[in-house]
Amino acid sequence: MREPAIEVRNLTVSYREQPAIRNVSFQIEPGLLVGLVGPNGAGKSTLLKALVGLVVPDTGSVRIFGQPVPQVRRLVAYVPQRSEVDWDYPIVVEEVVLMGRFVHLGLVRRAGPEDRRVAREALRQVGMERFAARQIGQLSGGQQQRVFLARALAQEAQVLLLDEPFVGVDAATEETIYALLRRLQQEGRTVVVATHDLSRAQTAFDRLLLLNQVLVAYGPPERVFTPALLQRTYGGRLTLLEVADRRGGIQP
Amino acid sequence: MILHEIFLAPMQYAFMQRALLAAVMVGGICAVLSCFLLVKRWALLGDAISHAVLPGVALAYLLNLPFFLGAVVTGMATALGISAVERHSRIKEDSAMGILFTGAFALGFVLVSRIRSRAIDLFHILFGNVLGVSDTDLLLTAATGVVVLGVVVVFYKELVLWTFDPTAASAMGVPVAALHYTLMLLLSVTIVASLQAVGIVLVVAMLITPGATAYLLVDRMSRMIPLAVGVGMISSLSGLYLSYHLNVASGPTMVLVATFLFLLAMLLGPREGVLWNAARRRRAARRVALEDLLKQAYLADRGEGASVDLLARRLGLKPSAVLALARRLAREGLVQLGDGGILLTARGREQAVTLVRSHRLWERYLVDRGGVPWTDVHAEAERLEHLSPRELAAELDRALGRPVRDPHGARIPRDEREPWEPLRRLAERRSGETVDVLEVEDEDPEVLRRLSEKGILPGTRLEVLEVRPEGIRIRVDDQEEVLDLDLAAAVLTAAD
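From first to last, the protein sequence lines are chains A and B. The numbering used here puts the first residue of the first sequence at 180, with every later residue one more than the last. The numbering used here puts the first residue of the second sequence at 1288, with every later residue one more than the last.
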């Protein structure tokens, strides 16, 4: 059996004493397109950030291809939410894509001709080579997503983590991005997409990970996209565990 | 001779030579950092640190240590304190800065007032004394410059990655915390090194303005930094010369030159220059007004020319304004001005038809493809018609399957040779006539709503029962309705 691309065990992460996700465990086999779904505030971003070592877990562990995160940074690419990026930043498309080469260059060393070639090729793959010299804020939402995907390709990452890539893009662009993600998956990469939009989840992904602070379910859509599980993910935000926690908090 | 007077004469003094060197170096160093402060939104952190060095200077004096050391220590301590307050309380960054830097500044003031010594000249610390720069100061500034430039050159890639996308940067293993504190330290050191030249109040300007000026002019960091350095150095240099010749304080003069350059970039910048944008907007607005007049003249014309007064009413303009626009159209060879009013030339007719055609095609498109209610599409089409070259209209036509009429029943003209459709207003009809509604006037959404409520749409057949001064009684779909004359005037029927 192959080593899982992502393996999470008993992961709990808190912000200011408030647990954001608790006791989450799952394994994702390589080469799957996975939808990470759950309502706003379910901890989707926190989970993605834990997968790249951006937040320190209270308990539990994350392994990528069997290794702890710091040792496999170059294999994992993270595409942030739109709102986390300053779109007025004085930077052009090809410079953004070239950033993906950082993991191969390390500190101080500058990008060489080979890095530029890889970056150009990545841009070509997402169909954005014509925009190489364009300032990043002058692109549409979908084009910006494609540039960030190109950065992940330039990084030659095997695991791609996307945080809400469909926020603020129109339906046609959403199609293009899904098609692109599918192609990346077919080339053997593992792709995890956080989204709170259920309408496409059933058909677009190989696996669904239902999250609402705890892991509700993980599996193929035909097994986990059921009314009961969705109700547990989206309905009644107050889980029993939370109720118990609150009771505990009141006692001296 | 004059050049000699202006540029070389001041240089006969050693203090001016030193001042010049110091000013240019400070201008350059601050400018490099200003680019990163701008994208990191740290402009106010520069302000905070610059005020926080004051107690350090006083303490260093009391403890008999170098000023430089004390200033860097209290500057850094305040910067770290701001982060700490932000992390450990609900106070946000701006308030945390305000609290700590005013506190530190006040402490500095108290200490300085206690010392009452001539060794610390508060005015010079606040506003600089570039003319009193010593060789040691120069050396210190030069060393700071080497360190700042060195760090930025060596870690350029990391600094850009971190300031642009901090989340991905730390996911890729960029040491973001180290960069954060390094930039803070560089900022503190630079501020202290600039004290002598521009003072702590004005150094803030040199740490913000040159970067902001460059930011308006170019769209990538690799060009922004050299440009900002140029702006910073020119500001210092010309500020110093100006202050010498006008006999005014040098630090503030340098800042004023920097501010002036910023305003210049803001007004004249090629990308976002306020003046260019305003000119572009004015030209576009004028073009729209001309095209609107041309179209209305065409629609009102029907062969014999449209009067200026009528067009002024239609367009909601003064007759004099219409006349001015018409003269412009005449100069372009699109209309002729005669006794009867405004008469379109062949070329004017061609352009007017293009406008009418794209207006009506857009209405059709918005209703059929955009799902916009037919009562509301006129205003949007009014805007779009001015932005539609002929090819776009052809494409719309194709996409819509070559429609004949717009959603209000008006014919979509193919070209200017197409004859007018004979129409009569419902208001002009006589009792007993049975008529077909061909078109309804679309300018007023309210009129359209009222008409559609009564079931009067293009294609409806109706019978005129009675015409009275206050309204017209009709039968439509076996129901009787009364239309006031305003409403009846908006309904166009096929002339028999």
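Calculated directly from the structure, the hints in this document are not laboratory data. Quick reminder that beta carbons are idealized off the backbone N, C-alpha and C, glycines included. Just so you know, not all the hints are guaranteed correct.
Stretches of chain B that chain A covers, calculated by requiring three or more beta carbons in the stretch to come under 8 Å of a beta carbon on chain A [unchecked claim]:
(1) 1436-1450
(2) 1529-1537
In silico negatives: residues of chain A with every beta carbon more than 12 Å from chain B [to be verified]:
(3) N219
(4) T238
(5) V264
(6) D267
(7) G279
(8) A290
(9) I315
(10) Q322
(11) R330
(12) A331
(13) D342
(14) R379
(15) T382
(16) Q410
A few chain A residues that face chain B, going by a derived Cβ cut-off under 7 Å, partial list only [unchecked claim]:
(17) L233
(18) P269
(19) V282
(20) Q314
(21) L318
These are the hints, each one checked on the structure:
With a cut-off of 8 Å between beta carbons, the region 1436-1450 of chain B has 7 residues touching chain A; three or more are needed, and the interface restraint holds. For the region 1529-1537 of chain B, the stated coverage by chain A is not satisfied: 0 residues place a CB nearer than 8 Å to a CB of that chain, which falls below the threshold of 3. With 12 Å as the threshold on Cβ separation, the claim that N219/A sits away from chain B holds: the shortest Cβ distance comes to roughly 18 Å. Consistency note on T238/A: stated as away from chain B, and its beta-carbon is indeed over 12 Å from all of that chain's, at 21 Å minimum.
A cut-off of 12 Å between C-beta atoms contradicts the statement that V264/A is not in contact with chain B; the least separation is 6 Å. With a least beta-carbon separation of about 9 Å from chain B, D267/A fails to lie farther than 12 Å from that chain, contradicting its non-interface assignment. The beta carbon of G279/A is not kept farther than 12 Å from every beta carbon of chain B, the shortest such distance being approximately 8 Å. Distance check on A290/A: its Cβ comes as close as 7 Å (rounded) to a Cβ of chain B, failing to clear the 12 Å threshold; non-interface status is violated.
Separation of I315/A from chain B is inadequate, the least Cβ-Cβ distance of about 9 Å not exceeding the 12 Å criterion. Taking the minimum C-beta to C-beta distance to chain B, about 16 Å, the non-interface status of Q322/A holds against the 12 Å cut. For R330/A, the requirement that its beta carbon stay farther than 12 Å from each beta carbon of chain B is not met, with the minimum near 8 Å. Taking the minimum C-beta to C-beta distance to chain B, about 9 Å, the non-interface status of A331/A is violated against the 12 Å cut.
A beta-carbon of chain B is positioned within 12 Å of the beta-carbon of D342/A; the least distance is around 9 Å. R379/A, annotated as away from the interface, keeps every beta carbon of chain B farther than 12 Å; the closest lies near 22 Å. A cut-off of 12 Å between C-beta atoms confirms that T382/A is not in contact with chain B; the least separation is 25 Å. Distance check for Q410/A against chain B: the nearest CB is about 32 Å away, which clears 12 Å, and the non-interface claim stands.
Because the closest C-beta pair between L233/A and chain B is about 6 Å apart, less than 7 Å, the hint holds. Against a cut-off of 7 Å between C-beta atoms, the interface hint on P269/A holds, since the closest Cβ of chain B lies about 5 Å away. Interface restraint check: V282/A against chain B, minimum CB-CB distance 5 Å, threshold 7 Å, status holds. Given hint, Q314/A at the interface with chain B, holds; its Cβ is 4 Å from that chain's nearest Cβ, closer than 7 Å.
A least Cβ separation of about 12 Å between L318/A and chain B goes past the 7 Å threshold, and the interface hint is therefore violated.
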